[in-house]
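Participant: Sequence:
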Amino acid sequence: MRRLAYMDTIDITKCNLKDKKTWDLICSGHTKGVFQLETHLGKHWCKEAKPRNIEELADVISIIRPGTLKAIEDGKSMTQRYVDRKHKIEETKSLYEPIDKVIASTYNIIIYQEQAMQIAQVMAGFTESQADTLRKAIGKKKADLMRQVKGEFIEGCLKENHTQEDADRIFDIIEKSNRYSFNKSHAVSYALMAYWSAYLKANKKLEFYLHWLSNAKEKIDPNQEIYELVESAKLDHINVKTPLHEYPESNFSIQDGDIYFGITNVKNVGVNEFIKLKDFLNELKPKTWVEYVVNILPNVNKRAVNNLIAVGFFAGLKKSRSEMTHEFSCIKDLSKKELETLQDRVDSSLSLKDNLINLNRLKKDGGAVATTKRLEAFSDIINRLENPGRSLKDNPLSISISEENLLGVPISYSKVDGCADASFANTTCKEILDGKKRKSILAVEITQVKEHTTKNKDKMAFLSVRDDSVEIENVVVFPDTYHQYQDIIYETATVLMFGQRAKDRNSFIVNEINQI
Numbered sequence: 004m005r006r007l008a009y010m011d012t013i014d015i016t017k018c019n020l021k022d023k024k025t026w027d028l029i030c031s032g033h034t035k036g037v038f039q040l041e042t043h044l045g046k047h048w049c050k051e052a053k054p055r056n057i058e059e060l061a062d063v064i065s066i067i068r069p070g071t072l073k074a075i076e077d078g079k080s081m082t083q084r085y086v087d088r089k090h091k092i093e094e095t096k097s098l099y100e101p102i103d104k105v106i107a108s109t110y111n112i113i114i115y116q117e118q119a120m121q122i123a124q125v126m127a128g129f130t131e132s133q134a135d136t137l138r139k140a141i142g143k144k145k146a147d148l149m150r151q152v153k154g155e156f157i158e159g160c161l162k163e164n165h166t167q168e169d170a171d172r173i174f175d176i177i178e179k180s181n182r183y184s185f186n187k188s189h190a191v192s193y194a195l196m197a198y199w200s201a202y203l204k205a206n207k208k209l210e211f212y213l214h215w216l217s218n219a220k221e222k223i224d225p226n227q228e229i230y231e232l233v234e235s236a237k238l239d240h241i242n243v244k245t246p247l248h249e250y251p252e253s254n255f256s257i258q259d260g261d262i263y264f265g266i267t268n269v270k271n272v273g274v275n276e277f278i279k280l281k282d283f284l285n286e287l288k289p290k291t292w293v294e295y296v297v298n299i300l301p302n303v304n305k306r307a308v309n310n311l312i313a314v315g316f317f318a319g320l321k322k323s324r325s326e327m328t329h330e331f332s333c334i335k336d337l338s339k340k341e342l343e344t345l346q347d348r349v350d351s352s353l354s355l356k357d358n359l360i361n362l363n364r365l366k367k368d369g370g371a372v373a374t375t376k377r378l379e380a381f382s383d384i385i386n387r388l389e390n391p392g393r394s395l396k397d398n399p400l401s402i403s404i405s406e407e408n409l410l411g412v413p414i415s416y417s418k419v420d421g422c423a424d425a426s427f428a429n430t431t432c433k434e435i436l437d438g439k440k441r442k443s444i445l446a447v448e449i450t451q452v453k454e455h456t457t458k459n460k461d462k463m464a465f466l467s468v469r470d471d472s473v474e475i476e477n478v479v480v481f482p483d484t485y486h487q488y489q490d491i492i493y494e495t496a497t498v499l500m501f502g503q504r505a506k507d508r509n510s511f512i513v514n515e516i517n518q519i
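Here the sequence shown stands for residues 4 to 519, where the numbers follow the numbering used here.
Mixed in with the good hints, there may be bad ones.
To be verified - With a straight-line Cα cutoff of 27 Å, these simulated BS3-like cross-link-like pairs (lysine-lysine) come out:
(1) K340 x K279
(2) K50 x K440
(3) K104 x K21
(4) K23 x K46
(5) K104 x K187
(6) K23 x K340
These are computed hints drawn from the structure, not numbers from a lab.
Everything numeric in this text was worked out from a predicted model, so none of it was measured.
Please work from the sequences and hints to get the whole structure.
Facilitator: Right under this line is the structure:
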C-alpha cells in the first residue's frame, strides 16, 4: 500500500499481525476502506465468521466469492456452512477419513484449489504435475481431458486401496468444488493486504480516512464513496468538515485533529479556480466578509463562488450563507469601474451596504457612479441589500440538500434537522449503534429500502436510515408493521421511528412510523 500523507513513515509489512484492535475492527464488520472487505458482503461475513488470524481471514475472502455463496447443499450455502461449522452450530462431518486432515482447517469443506490437488495426491498418488493437470482440466471444463484425468484418478485410487464408490464420490466433490474454490496463495496475499489496511484504520484513523477521501475521485461513484467514508468516520469519532477559508487547500487535509474538504472537492470548483483564489488569499489576506466579497470573489468564477458559499466555505465571517449569496449577486451587478472604485475605497469595518451608500454619488461629486442614469441602478442595488424581499436566514434542510449535491454528503445538518417534529426524538442513530437497548424514537431520513418476501408470502422491509450522527444500515420492518406504514416508507422520506434495538443482533426493530 502507498504510504499515507501526513503519516510518519511506517513499514506496514512489519506490523503486528496479532494486533487486537485490528482483529476487533475486522470482526465488527467496520470494514469500509479495508481491501476486499468493504462491500456489504465483506462487512456481513466478517461479523458472522469473526476471523482472528490471517488464515481465517483468507478463508473469509474466499467464501464471499459468488461461487461459494451460490453453492447450495441441503438448502445451505457453502459460505454459511463454513461459518456454522466454525462456531459449532453445525457438526463438522467427516468427508472421507483419509483426506480429512487435508481439509480440517476449513471444517471439511473444500474452498481452495490446492486442497483438491492435495486430495488427488493423497488418494490417487498423483504427482504435483498430475494434480495441477486435474485442476486445469476441471477449471477449463474440457470433456476429453476430464475423462482422461478422472480415469487416472480412479485408477490411482484403486491402486491405493480405495473403493470405486469412494473414488467416484470424492472426484464428484472435487469437480463441484472447482466451481467456487479459490487459489489459496492468492487468498493469503489478499488477506495480508486486507489486514494491513485494517491495521491502519484501527491505529492511524485520521491518516487512513484522509488517504481514502483524497482518492475518492478515482472511484466509479465518487459521491457515494465520500458518503460512505464520512459515515464510517463518524463511527470512529473522526469529524469530517466542510471546506473553510481558514484552510484553503485543494484536496482533503488534516487541520487541528479534524479532516476538512478541500476547495476542489466542491462540485464545479476546479484547480484553476483554486489557484486563483489561493493567490488572492495569499496576497490580500482578507479578515472580513466585506474584504472577500469586494476584493476577491468578483475575480473568481461565479458558479464556483456560489458553490463555495453554499457549502460553508466562508463560515465564521458573521454572515449567513443566504446573506452571502445575496450580497455576492449584488456585487456582480456593479459595473467594472464602480467595482474598481469600491475596491480602492472599501472600509472593511463597514457592511457592504454602507460602503455602497458612501459611494452613491456621481464621480464628479466624489462617488463611484458615472452617469445620472446609472445612479438609479446603483441605488437599486443598495435597496436590494436593505430589502432583499425574502428571509436571508439559513434553512437546515436547504443547507443539507446543497451540501449533499455539492460535496456528496450533508455535513452541517441532516434533512431531519429542518423538521419541527424531529424534536420528539429521544435517541440518535449513533446511540443505537453504541448499544442503547431501551425503547427509542429516532428522527431519520430513509436512505434505502429493500423489500423482502417471507416464506409465508408476506412483504417486509430492511431499511438504511440516517440522522446527523451516523447511518444505520440494518433497520427491520416486519410484515405487520410494513403493511400498516408501507405508504410512507420510501427513500428520502423523513420520519419518526418508534422501536428498539434487537436483543441478539446489531439491528433496530421498528414498531411504528410517523411522517415528519
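Participant: Each hint: holds or not?
Facilitator: Hints versus structure:
1. K340 x K279: holds, 21 Å
2. K50 x K440: Since the Cα atoms of K50 and K440 sit roughly 20 Å apart, the hinted pair holds (cutoff 27 Å).
3. K104 x K21: holds, 26 Å
4. K23 x K46: Holds, because 18 Å separates the two Cα atoms, which is no more than 27 Å.
5. K104 x K187: Holds. K104 to K187 sits at ~16 Å (cutoff 27 Å).
6. K23 x K340: Violated - the C-alpha atoms of K340 and K23 are around 67 Å apart, more than 27 Å.
In summary, the one numbered hint that this structure violates is 6.
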